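Protein sequence lines, in the order shown, are assigned to chains A and B. First residue of the first sequence? That's 1 in the numbering used here, and the numbers climb one at a time after it. First residue of the second sequence? That's 1 in the numbering used here, and the numbers climb one at a time after it.
By construction, these hints were calculated from the structure, which means they are not laboratory data. The structure presented is a predicted model; accordingly, all values stated were derived computationally and were not measured. Misleading hints may appear alongside valid ones.
DSS-like mimics (lysine-lysine), calculated; alpha carbons at most 30 Å apart, straight line [said to hold, decoys possible]: (1) K64(B) x K41(B); (2) K14(B) x K66(B); (3) K58(A) x K41(B); (4) K69(A) x K49(A); (5) K55(B) x K100(A); (6) K41(B) x K14(B); (7) K64(B) x K100(A); (8) K58(A) x K100(A); (9) K69(A) x K100(A); (10) K112(A) x K41(B); (11) K66(B) x K41(B); (12) K100(A) x K66(B); (13) K41(B) x K49(A); (14) K14(B) x K64(B); (15) K69(A) x K58(A); (16) K100(A) x K20(B); (17) K69(A) x K112(A); (18) K64(B) x K20(B); (19) K100(A) x K41(B); (20) K55(B) x K14(B).
Label-pair restraints from in silico Cβ distances [said to hold, decoys possible]: (21) P8(B) x Q71(A): 39 to 45 Å; (22) E66(A) x K55(B): 38 to 44 Å; (23) G62(A) x L101(B): 26 to 32 Å; (24) T113(B) x H82(A): 27 to 33 Å; (25) K14(B) x K69(A): 47 to 53 Å.
Every residue gets a Cβ at the ideal spot worked out from N, C-alpha and C, and that includes glycine.
Below are the chains, spelled out letter by letter.
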Amino acid sequence: AQSVTQLDSQVPVFEEAPVELRCNYSSSVSVYLFWYVQYPNQGLQLLLKYLSGSTLVKGINGFEAEFNKSQTSFHLRKPSVHISDTAEYFCAVSDLNAGKSTFGDGTTLTVKP
Amino acid sequence: GAVVSQHPSRVICKSGTSVKIECRSLDFQATTMFWYRQFPKQSLMLMATSNEGSKATYEQGVEKDKFLINHASLTLSTLTVTSAHPEDSSFYICSARETGLTEAFFGQGTRLTVV
Chain A
1 AQSVTQLDSQ VPVFEEAPVE LRCNYSSSVS VYLFWYVQYP NQGLQLLLKY
51 LSGSTLVKGI NGFEAEFNKS QTSFHLRKPS VHISDTAEYF CAVSDLNAGK
101 STFGDGTTLT VKP
Chain B
1 GAVVSQHPSR VICKSGTSVK IECRSLDFQA TTMFWYRQFP KQSLMLMATS
51 NEGSKATYEQ GVEKDKFLIN HASLTLSTLT VTSAHPEDSS FYICSARETG
101 LTEAFFGQGT RLTVV
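This is chain B alone, in the form it adopts within the complex (with noise of 0.2 Å):
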């Protein structure tokens, strides 16, 4: 089955620093991927869908300055959080997708701690 990979799985940064979080497609093309978000106790809601070559669509309320999303190939898309905070403390997952498939495939998850 497709397999996506997203690393690292925890993360602890200091408030004021930048983190990457990478999303990687092992076994397939990934054409479009997506970002979500989950705070504790809360479902995931959808932060921006990117296609590979093109920029991000960012859902209403994402700071598309603050969550960079780059896909550059069809393989790996990354979202930096640039100047975190506490609240940015959150669980971020992210999906891809392949044009004609069905169904986008979840990676495992990054958990963000802004100390």
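One chain only, chain A, in its complex shape (with noise of 0.2 Å):
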């Protein structure tokens, strides 16, 4: 069995600023990492994933998230947000074998002018 918990429903911050998101999970077999966005009445957009390899990767919009096995987290990160990032951000693991994905709550990453 597979759970990811994000561990901040909300994150308001000023447009220029840094962000990170922090995602935890926990699971009994090897899995994928996964970052999507979702703009509003809108689909999943891949932001980002961990297969293997270098534990720190970069993705879309200038995002990047940093795997620690130790601590089983995958938290995204970004230097400097724009409006345009307001957006609700989903952290996901996907199972190696089974391919079925599991997802976190969510954070709503809300940047104000």
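Two chains, two separate frames, one set of hints: put the complex together.
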């Protein structure tokens, strides 16, 4: 069984400030890790993923995340946010074998001018 | 990259009618497809997993007779919401995976509104 905990339900931040969205997971098997963004009334867009190799992964729109196996975390970061980054962000884990995904409850990022 | 197309993107139907949602893999063979549901302001919850040519496996609490899933080919899976009611109004998202690939790819979702 897998679970994902997104530690912050809402993160307000000013434009051009750095941001970190936190994600912890638990799993009895090896998993892949993902971050998705969802804009209002739209589907999921993949920001980045960790499959193997380097623990620091870079994604689209200037986002990056670091996989920490010992802390079972996969926090998402961006050094300078824009108004357009306002959206819902989901952390997810995927079972290597079965392929199904388990999602966190989401974090609402609100970027203020 | 792998593309999953979901249709329709939005649908409004009357209470008591049935609605069919299609999920297609455009450039790979989707041996496994997953259907998720997302209520407003909530996360995505897995409803069922289907393997091509087999019956779908439903998650606990999901009514298989209400949410009919067909995965008859390697590129198409359908979800039919039968006798829809307003409480079925939700955002439905599919994902598809080919055996041996590392991840599943998501469609853009279908917003169902039952009036």
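Hints, one by one, checked against the model:
Only pairs whose Cα atoms come within 30 Å are accepted, and K64(B) paired with K41(B) is accepted, the gap being roughly 25 Å. Pair hint K14(B) plus K66(B) holds up; C-alpha atoms about 16 Å apart against a cutoff of 30 Å. Distance hint between K58(A) and K41(B) is fulfilled; the C-alpha atoms sit about 27 Å from each other, no more than 30 Å. Between K69(A) and K49(A) the CA atoms are separated by roughly 15 Å; this keeps the pair inside 30 Å, and the hint holds.
About 16 Å separates the Cα atoms of K55(B) and K100(A), which keeps this hinted pair within 30 Å; it holds. Pair hint K41(B) plus K14(B) holds up; C-alpha atoms about 24 Å apart against a cutoff of 30 Å. Restraint check: the Cα-Cα separation between K64(B) and K100(A) comes to about 18 Å, which is no more than 30 Å; the hinted pair holds. With a C-alpha separation of about 23 Å, the suggested pairing of K58(A) with K100(A) holds against the 30 Å cut-off.
Distance restraint check for K69(A) and K100(A): the Cα-Cα separation of roughly 20 Å lies within the 30 Å cut-off, and the hinted pair is therefore satisfied. Between K112(A) and K41(B) the CA atoms are separated by roughly 20 Å; this keeps the pair inside 30 Å, and the hint holds. Distance hint between K66(B) and K41(B) is fulfilled; the C-alpha atoms sit about 23 Å from each other, no more than 30 Å. Distance hint between K100(A) and K66(B) is fulfilled; the C-alpha atoms sit about 21 Å from each other, no more than 30 Å.
Note on K41(B) and K49(A): the hinted pairing holds, with a Cα-Cα distance of about 24 Å set against a maximum of 30 Å. Proximity of K14(B) to K64(B) is assessed by CA-CA distance (about 21 Å); at most 30 Å being required, the pair is judged to hold. A distance of roughly 17 Å separates the Cα atoms of K69(A) and K58(A); the hinted pair therefore holds under the 30 Å criterion. For the hint linking K100(A) to K20(B), the alpha-carbon distance of about 22 Å falls within 30 Å, and the restraint holds.
Proximity of K69(A) to K112(A) is assessed by CA-CA distance (about 33 Å); at most 30 Å being required, the pair is judged violated. Our distance criterion of 30 Å between C-alpha atoms is met by K64(B) and K20(B), whose separation comes to about 14 Å. The hinted pair formed by K100(A) and K41(B) meets the criterion: a straight-line CA distance of about 21 Å does not exceed 30 Å. This hinted pair checks out: K55(B) and K14(B) have alpha carbons roughly 28 Å apart, not beyond 30 Å.
A C-beta distance of roughly 42 Å is found between P8(B) and Q71(A), which places it inside the suggested range of 39 to 45 Å. For the pair E66(A) and K55(B), the beta carbons lie near 41 Å from each other, so the given range of 38 to 44 Å is met. Roughly 27 Å separates the CB atoms of G62(A) and L101(B), a value that falls within the hinted 26 to 32 Å. In this structure, T113(B) and H82(A) meet the distance hint of 27 to 33 Å, their C-beta atoms being roughly 32 Å apart.
The beta-carbon spacing between K14(B) and K69(A), approximately 51 Å, falls within the hinted interval of 47 to 53 Å.
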